[in-house]
Amino acid sequence: MPIESKAELSDGIDTEEFNSGFEDRSKSDWMARSDGRMEFKGESEPSFPEEEVLEEKIRDPLEPLNRIFFHINDRLYFWVLKPVASGYQKVFSKEVRIGVSNFFSNIATPIRLVNCVLQANLKGAATEALRFLINTPFGLFGFLDPAQKEFGLEKREEDLGQTFGVWGFGPAFYLEWPILGSSNLRDTLGYIGDLFLDPITYLPSTPIRIGLKTYEKVNETSLRLGEYEDFKKVVLDPYIAKREAYHQNRKYKIKERK
Amino acid sequence: MSLIRLWILFLLLFGMTTPLFSGEPQEQLQQTTDKVLAILSDPNLKSPEKAKERRELILRVVDERFDWEEMARRCLARHWVQRTPEEKREFIHLFKELLQQVYMDKVEAYSWNKIQYEGETIDGNYGTVKVKIFTSKEQPIRVEYRLLKKGPHWLVYDFSIEGISMVNNYRTQFNEIIVKSSYRELIKRLKTKVSQP
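Note that the protein sequences, when read in sequence, are chains A and B.
Just so we're aligned: the first sequence equals residues 1 to 258 in the working numbering.
Just so we're aligned: the second sequence equals residues 1 to 197 in the working numbering.
Same shape as in the complex, but just chain A (with noise of 0.2 Å):
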């Protein structure tokens, strides 16, 4: 795949530019909607939605440089974590692979907790101790989730870079890192934030920490083997695909919070 090498040091969002073609219209044919949003009445054309001819893009003034790493880890998928999680997955069953998934999940509880409370979440915070209080003598440690099959206890994925996002932060411009992947400068704070509540930070021996980390990362993959493969089948510029994915992706988080 190749790399792009026109940088693009844009430094604001840049939805004037890439709305340009709009501009012709008189403001006439913007019609509000009930909900605020505005809505294109002209004659020329149907009309588009307000958001999504107006959608904030991420900047990304680094791409150079991240797309290097997202070559980087693409090649680390299919040379080193594929052939790993392939093998791994041979061995061991998928129930075996989701119980490893759920106990990490389960000892990762502090980080979820946590940042309901700091969201002000009573409920999702009620939800995750709960689930935590089930699971860990119910559940085997946490490999089973009876709180999930039992309660329709939903697991709440919340990490201090959504809490950030909920205090009102944007997510500054996007960065791709090398083996972590797609993120952005809010989100890498919170990601350095969130390792003061992992449990497995607190381990004595550095190789351990190391050791679990890349553990459940090839746990992780061995159960999303094929996903990744479809994801560049389907796209012309996996880059960008996975830049604008990752920004909706965590915007939805955000906002869809309960």
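Hints should not be assumed to be uniformly reliable.
[To be verified] In silico SDA-like links for lysine to any residue, alpha-carbon gap of 20 Å or less:
#	chain 1	residue 1	chain 2	residue 2
1	B	Lys132	B	Thr121
2	A	Lys253	B	Ile164
3	A	Lys155	B	Val143
4	A	Lys233	B	Val107
Simulated from the structure, these hints should not be mistaken for lab results.
Since the structure of chain A is already known, use the hints to place chain B on it.
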């Protein structure tokens, strides 16, 4: 334990918003998904030699509900008006091929355990329908369909999966390719994609 159950029941009730009735967009979308699910679960169409027939049946059902031109137009956005009618036709065709290739694989591969309707909004000719799709995987997938009313029909012109809008995502990619190279280059890349499944 019964106390916990009561507590949880309370939490669940607290968070529940069940629509008392469903409007036209959801009704029509539901007809389409029900038809697709019926085809997928039809034992007569399960054998490998029937795979092609089954796919065509599904495509016909999906075709009735999806407005490919509207999707293509929104994905090209400001570049759409600069296209000749022939270019538009070619683009719609390629775009449809690309989407069908991908999403048909997904539709056929997944075990659709349940589709739960989570509510709809109607604003003039625009509508959204939210659904939660339960597959064999752990977490349900949240999908929002966007529909536009044309005559008596509500037609899908975009959908977003976990907040990622299909139209938005393609529009950004298409725009970058056109701006950095050309429209021709975009068509070239689309053709390569569609020809290699």
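Structure-based check of all given hints:
Pair hint Lys132/B plus Thr121/B holds up; C-alpha atoms about 16 Å apart against a cutoff of 20 Å. Between Lys253/A and Ile164/B the CA atoms are separated by roughly 11 Å; this keeps the pair inside 20 Å, and the hint holds. A hinted pair counts as satisfied when its Cα atoms are at most 20 Å apart, and Lys155/A with Val143/B qualifies at roughly 18 Å. Distance check on the hinted pair: Lys233/A and Val107/B sit about 16 Å apart at the alpha-carbon level, within 20 Å; holds.
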